Amino acid sequence: MIKVERLSGGYGKEQVVDNVSFEVRKGEFFALLGPNGSGKSTIFKLITGVLPRLGGEVELDGKSMTALSMTEKARMLAVLTQEEKVFFDFTVEEIVMLGRYPHQRGFLKSISSEDQAAVERSMSICKVELYRYKPFIELSGGEKQRVLLAKALAQEPQVLLLDEPTNHLDIRHTFDMLNLLKEWQQTNELTVFAILHDLNVASLYADRVALLKDGQIIEIGSVHILRKEKQLEEVYGVRVNSGSHPEIAKPQLFLSPNTEEISTSDGGFSTMFELNRDENVIHLRSRHSLRTISNGVIGEGLSWAKHFCNFHVDKNYNCSDPQQDIRNWLEERGIPVEETIGMMTAVQLEDMVMLTHEANDYSCLAVITAGVGNAVDISAEAEPEIIRRIGTINTMLFIDGHLTDGALVNAMLSATEAKTKVIHDMHIIDKLTGTIATGTSTDSLLIACTQRGIPTPYAGSGTVVGKRLGQLIYQATKQAIGKYQKRTAKV
Amino acid sequence: MDKSSIRKSSSNRILIGMYIFSGAFLFLAALLGLLVSSVTVPVPSIIHIILQNSIGLSWMEDIPRNLEMIIWNIRFPRVLLALFIGAALSLAGAAFQGLLRNPLADPYTIGVSSGASLGSVLVLYFQINLLGLGSFSLPVVAIIGGFVALMIVFGMTRLSNRGMAIETIILAGIIISAFIGAIVSLIIAISSQEDMRQILYWLMGSVGMRGWSHLQLFIPFFLIGAAILLLHHRELNALAMGEESAQHLGLDVKKRKIWILVGASLLTGASVAVSGSIGFVGLVIPHLVRLITGPNHRHVLPLSMLTGGAYLVLADLIARTIIAPKELPIGVITALVGAPVFAILLMRRFGRGKS
Numbered sequence: 001m002i003k004v005e006r007l008s009g010g011y012g013k014e015q016v017v018d019n020v021s022f023e024v025r026k027g028e029f030f031a032l033l034g035p036n037g038s039g040k041s042t043i044f045k046l047i048t049g050v051l052p053r054l055g056g057e058v059e060l061d062g063k064s065m066t067a068l069s070m071t072e073k074a075r076m077l078a079v080l081t082q083e084e085k086v087f088f089d090f091t092v093e094e095i096v097m098l099g100r101y102p103h104q105r106g107f108l109k110s111i112s113s114e115d116q117a118a119v120e121r122s123m124s125i126c127k128v129e130l131y132r133y134k135p136f137i138e139l140s141g142g143e144k145q146r147v148l149l150a151k152a153l154a155q156e157p158q159v160l161l162l163d164e165p166t167n168h169l170d171i172r173h174t175f176d177m178l179n180l181l182k183e184w185q186q187t188n189e190l191t192v193f194a195i196l197h198d199l200n201v202a203s204l205y206a207d208r209v210a211l212l213k214d215g216q217i218i219e220i221g222s223v224h225i226l227r228k229e230k231q232l233e234e235v236y237g238v239r240v241n242s243g244s245h246p247e248i249a250k251p252q253l254f255l256s257p258n259t260e261e262i263s264t265s266d267g268g269f270s271t272m273f274e275l276n277r278d279e280n281v282i283h284l285r286s287r288h289s290l291r292t293i294s295n296g297v298i299g300e301g302l303s304w305a306k307h308f309c310n311f312h313v314d315k316n317y318n319c320s321d322p323q324q325d326i327r328n329w330l331e332e333r334g335i336p337v338e339e340t341i342g343m344m345t346a347v348q349l350e351d352m353v354m355l356t357h358e359a360n361d362y363s364c365l366a367v368i369t370a371g372v373g374n375a376v377d378i379s380a381e382a383e384p385e386i387i388r389r390i391g392t393i394n395t396m397l398f399i400d401g402h403l404t405d406g407a408l409v410n411a412m413l414s415a416t417e418a419k420t421k422v423i424h425d426m427h428i429i430d431k432l433t434g435t436i437a438t439g440t441s442t443d444s445l446l447i448a449c450t451q452r453g454i455p456t457p458y459a460g461s462g463t464v465v466g467k468r469l470g471q472l473i474y475q476a477t478k479q480a481i482g483k484y485q486k487r488t489a490k491v
Numbered sequence: 001m002d003k004s005s006i007r008k009s010s011s012n013r014i015l016i017g018m019y020i021f022s023g024a025f026l027f028l029a030a031l032l033g034l035l036v037s038s039v040t041v042p043v044p045s046i047i048h049i050i051l052q053n054s055i056g057l058s059w060m061e062d063i064p065r066n067l068e069m070i071i072w073n074i075r076f077p078r079v080l081l082a083l084f085i086g087a088a089l090s091l092a093g094a095a096f097q098g099l100l101r102n103p104l105a106d107p108y109t110i111g112v113s114s115g116a117s118l119g120s121v122l123v124l125y126f127q128i129n130l131l132g133l134g135s136f137s138l139p140v141v142a143i144i145g146g147f148v149a150l151m152i153v154f155g156m157t158r159l160s161n162r163g164m165a166i167e168t169i170i171l172a173g174i175i176i177s178a179f180i181g182a183i184v185s186l187i188i189a190i191s192s193q194e195d196m197r198q199i200l201y202w203l204m205g206s207v208g209m210r211g212w213s214h215l216q217l218f219i220p221f222f223l224i225g226a227a228i229l230l231l232h233h234r235e236l237n238a239l240a241m242g243e244e245s246a247q248h249l250g251l252d253v254k255k256r257k258i259w260i261l262v263g264a265s266l267l268t269g270a271s272v273a274v275s276g277s278i279g280f281v282g283l284v285i286p287h288l289v290r291l292i293t294g295p296n297h298r299h300v301l302p303l304s305m306l307t308g309g310a311y312l313v314l315a316d317l318i319a320r321t322i323i324a325p326k327e328l329p330i331g332v333i334t335a336l337v338g339a340p341v342f343a344i345l346l347m348r349r350f351g352r353g354k355s
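Protein sequences, first through last, are from chains A and B.
If you're matching positions, the first sequence starts at 1 in the working numbering and goes up one per residue.
If you're matching positions, the second sequence starts at 1 in the working numbering and goes up one per residue.
Next up, chain A with everything else stripped away, as it sits in the complex (with noise of 0.2 Å):
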């Protein structure tokens, strides 16, 4: 739709934009990203013809923008920035009106029934018709720029070009105007070109971006070229780590401050915790946030932690909503849920088992209760039975070290297979299937890491921690099915 080629230009003698070449296909969101002064702007000025090209050709539709005159060419395309002056009292039907003067013909250009259904419409789309007859300044900052969009789809245009839309407006009004043009974009096929500023919310309405550093295209493709985080930082000169949106099959990103590393002044790793116990929980209270991996009831998947909480329940405990269980008895305690990994067991507290190994690097922390009561099998054919007797292994396992995402679900992997070599070498049996079991229907994992040091992306039984976290668990392990086998050969 805009084919731009080797286009350069900018203010005066001062070359911005140097030797571009990109293209914009019909119906798509395209985002151009950058640093202030990358250019962005300057290439929207250019293609619009507010600045003049010193090189190159930007095409439209396949006509050459300079064969097209002024009214052709706003026939074709709007553009909407962050302006919001506007001088005299224009109402907002006049201010939505005047989009349609490139469409308006004669001597006289009178409004006809085709202006105003066009004005009507596009009020109605951007949902700006209940004040119509409001004067435009009054409005608010929201109700201004839908009021701008309004009157650029009443020019209606094929391509939009949007110049930091969203600029001035909260989140809920940048979705609502991002909302209504992707849904614009995606009925209408209208073609959008745009510069955002924010690379996550570009990321999620974008279809293709272009990646733009000091006049020149560093890289053009789908939203998912924002993964690459070393060519962020190059452009950006931000520390950047791409993840993904939980939901959607979109990268988002997360920009780091400078900041202190936590200290390590301190005497060993144990000492960084606080342990709290009565018969009703386990608590643990680090003095930093741990990251973690877990799959607890309260905190689960990926976070960031101080507390964590092994609550005690009875065996007929009634799990409808175990998580507003451990909410309730969090807050009782005065511990911030937002900062606690909660797991729930029915073994005896008394019998939780916690090992440390204080090393130089990669210093660990295992606190494990556990109950083999429901032991099974996992390879052994069998319906999965829903719970029958006491018996869960939760295991706390806390590293110091730093890492990575995939490193902590290399370190689940490596905790995973020392529980279930511990209930090999104890012949601890699945008794509905007679074989030896693999571990328990219930187990509770967390692993928790400072984040301090070099970061590492694994933690296999290949590496130092892989191989420490595995004899601690299994060591631990041991000692804690140990106790339970006891207390139960007494009852």
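Hints listed in this document are in silico derivations from the structure and should not be mistaken for laboratory results.
Computed from a predicted structure; not experimentally measured.
A portion of the hints provided could be inaccurate.
What the hints assert, rightly or not - DSSO-like, lysine-lysine: derived pairs with alpha carbons at most 30 Å apart:
1) A:85 x B:254
2) A:490 x A:421
3) A:228 x A:3
4) A:13 x B:255
5) A:213 x A:230
6) A:127 x A:63
7) A:315 x A:250
8) A:3 x A:250
9) A:134 x A:85
10) B:254 x A:13
11) A:431 x A:490
12) A:134 x A:315
13) A:26 x A:134
14) A:315 x A:421
15) A:228 x A:182
16) B:326 x A:63
17) B:254 x A:3
18) B:255 x A:3
19) B:326 x A:134
20) B:255 x A:85
Stated by the list, open to error - Examples of chain B residues lying across from chain A (beta carbon under 10 Å, computed):
21) 53
22) 102
23) 158
24) 242
25) 244
26) 245
27) 246
28) 249
29) 250
30) 322
31) 326
32) 327
Idealized CB from N, CA, C, for every residue including glycine.
Model the placement of chain B on the given structure of chain A, informed by the hints.
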């Protein structure tokens, strides 16, 4: 009928009412201007004299020759001139305010009037008689002066390398005005007592003692200038959101800007040339109209013409009758009467805005 359409029809009614009111106001003001004077002429006679002289219709006998002279050769051109000058200045003011996006802009902002004034003052001082044009020398030289000033403003704006930016036009206009104003002061300072009185009186503005010849000189400029501006009402609306935005709507901003400047300058230059610089009308009448009709130039431009014309006819009427047989400068009346009226309207409007 929903609430919004009621509002719409009521706003249409206001507009139609405004046109009818302005038209009637203009007509009555003109009639009053013809009627009131030191010599009283009955209304039927006035109408007869005008119709007889303009379209040859005659039904009354024995109207004294001197009365016909007074009405047709002195009062009627005077009223018409006041009407056209008022319309021209108000229209030019509305266009300048819209184009320069500045509520303080008036026909005299960009220096055209200063150029015209200097031309007139030079004629008065040096007693120039251009190629036997006689009393026409003054307006002709004044128009040339205004045109030269406009060209200097354009030239300065272009050379400043900012592509006809509005701020540069305003600044260039103010610089030109100040410079020419200094020259005019210099001429006044070195002129004789009698010349000085004549120049000062001319500068204060008047529509008296001009006759048909000045009207004939003025009308072509008026028609061309008014036509140019009235045809640009949509462009003026589009420019209200800034030039870049107007360009995005498909407006050839540079070209349109020059057209509007030329149109408004034709009106201003010609007005100053025939009647001196009459203040206040071009600044306030457009604002007054906007207070009632809203800012849409489709209505602001024609309504400013009607209202401005009527206003200046009335102002002239007061100026020549209030201390008769002496005359006050018309600019004194336009401001003395207009400023309080405008102030009251402005305060009432803001009061309403608050509640």
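Okay, the hints, checked on the actual structure:
1. Under the criterion of a C-alpha separation no larger than 30 Å, the hint pairing residue 85 of chain A with residue 254 of chain B is consistent with the structure, at around 20 Å.
2. At roughly 26 Å between alpha-carbon atoms, residue 490 of chain A and residue 421 of chain A fall within 30 Å of each other, so this suggested pair holds.
3. The suggested pairing of residue 228 of chain A with residue 3 of chain A holds, with an alpha-carbon distance near 26 Å, which does not exceed 30 Å.
4. Pair hint residue 13 of chain A plus residue 255 of chain B holds up; C-alpha atoms about 24 Å apart against a cutoff of 30 Å.
5. Distance hint between residue 213 of chain A and residue 230 of chain A is fulfilled; the C-alpha atoms sit about 14 Å from each other, no more than 30 Å.
6. Proposed proximity of residue 127 of chain A and residue 63 of chain A is contradicted: the alpha carbons are some 34 Å apart, above 30 Å.
7. A hinted pair counts as satisfied when its Cα atoms are at most 30 Å apart, and residue 315 of chain A with residue 250 of chain A does not qualify at roughly 43 Å.
8. Between the alpha carbons of residue 3 of chain A and residue 250 of chain A the distance comes to roughly 26 Å, so the proposed pair stays at or under 30 Å and holds.
9. This hinted pair checks out: residue 134 of chain A and residue 85 of chain A have alpha carbons roughly 16 Å apart, not beyond 30 Å.
10. Of the pairs offered as hints, the one joining residue 254 of chain B and residue 13 of chain A holds, with about 21 Å between alpha carbons and a cut-off of 30 Å not exceeded.
11. As the CA atoms of residue 431 of chain A and residue 490 of chain A are separated by approximately 20 Å, the hinted pair is consistent with the 30 Å bound.
12. Between residue 134 of chain A and residue 315 of chain A, the direct Cα distance comes to roughly 66 Å. Violation of the 30 Å bound is thereby established for this hinted pair.
13. Our distance criterion of 30 Å between C-alpha atoms is broken by residue 26 of chain A and residue 134 of chain A, whose separation comes to about 36 Å.
14. Simply put, residue 315 of chain A and residue 421 of chain A have alpha-carbon atoms about 26 Å apart, close enough for the 30 Å limit, and the pair holds.
15. Taking the CA atoms of residue 228 of chain A and residue 182 of chain A, the gap is about 25 Å. The hint holds against a cut of 30 Å.
16. Our distance criterion of 30 Å between C-alpha atoms is broken by residue 326 of chain B and residue 63 of chain A, whose separation comes to about 71 Å.
17. Pair hint residue 254 of chain B plus residue 3 of chain A holds up; C-alpha atoms about 27 Å apart against a cutoff of 30 Å.
18. Note on residue 255 of chain B and residue 3 of chain A: the hinted pairing holds, with a Cα-Cα distance of about 28 Å set against a maximum of 30 Å.
19. Taken as a hint, the residue 326 of chain B and residue 134 of chain A pair is broken in the structure, with Cα atoms around 50 Å apart against an allowance of 30 Å.
20. Our distance criterion of 30 Å between C-alpha atoms is met by residue 255 of chain B and residue 85 of chain A, whose separation comes to about 23 Å.
21. Restraint check, residue 53 of chain B versus chain A: the minimum CB separation of about 34 Å is more than 10 Å; hint violated.
22. Interface hint status for residue 102 of chain B: upheld, as the beta-carbon distance to the closest one in chain A is roughly 8 Å, under 10 Å.
23. For the restraint placing residue 158 of chain B at the interface with chain A, the shortest Cβ-Cβ distance is roughly 15 Å, beyond the 10 Å limit, so the hint is violated.
24. At a threshold of 10 Å, the smallest CB-CB gap from residue 242 of chain B to chain A is about 6 Å, leaving the interface hint in force.
25. Contact between residue 244 of chain B and chain A, as hinted, is supported at the beta carbon level, the nearest pair being about 6 Å apart and thus within 10 Å.
26. Because the smallest distance between the Cβ of residue 245 of chain B and any Cβ of chain A comes to about 6 Å, under 10 Å, the interface hint for this residue holds.
27. For residue 246 of chain B, the interface hint holds, the least distance from its beta-carbon to any beta-carbon of chain A being 8 Å, beneath 10 Å.
28. Proximity of residue 249 of chain B to chain A holds as hinted, the smallest CB-CB distance being about 4 Å (cut-off 10 Å).
29. At about 3 Å, the closest approach between the beta carbon of residue 250 of chain B and any beta carbon in chain A falls short of 10 Å, and the interface hint on this residue holds.
30. Given hint, residue 322 of chain B at the interface with chain A, is violated; its Cβ is 36 Å from that chain's nearest Cβ, farther than 10 Å.
31. For residue 326 of chain B, the suggested interface contact is broken, since its CB lies about 41 Å from the closest CB of chain A, more than 10 Å.
32. Given the 10 Å rule on beta carbons, the hint for residue 327 of chain B is violated: about 37 Å separates it from the nearest Cβ of chain A.
Violated hints for the displayed structure, listed by number in ascending order: 6, 7, 12, 13, 16, 19, 21, 23, 30, 31 and 32.
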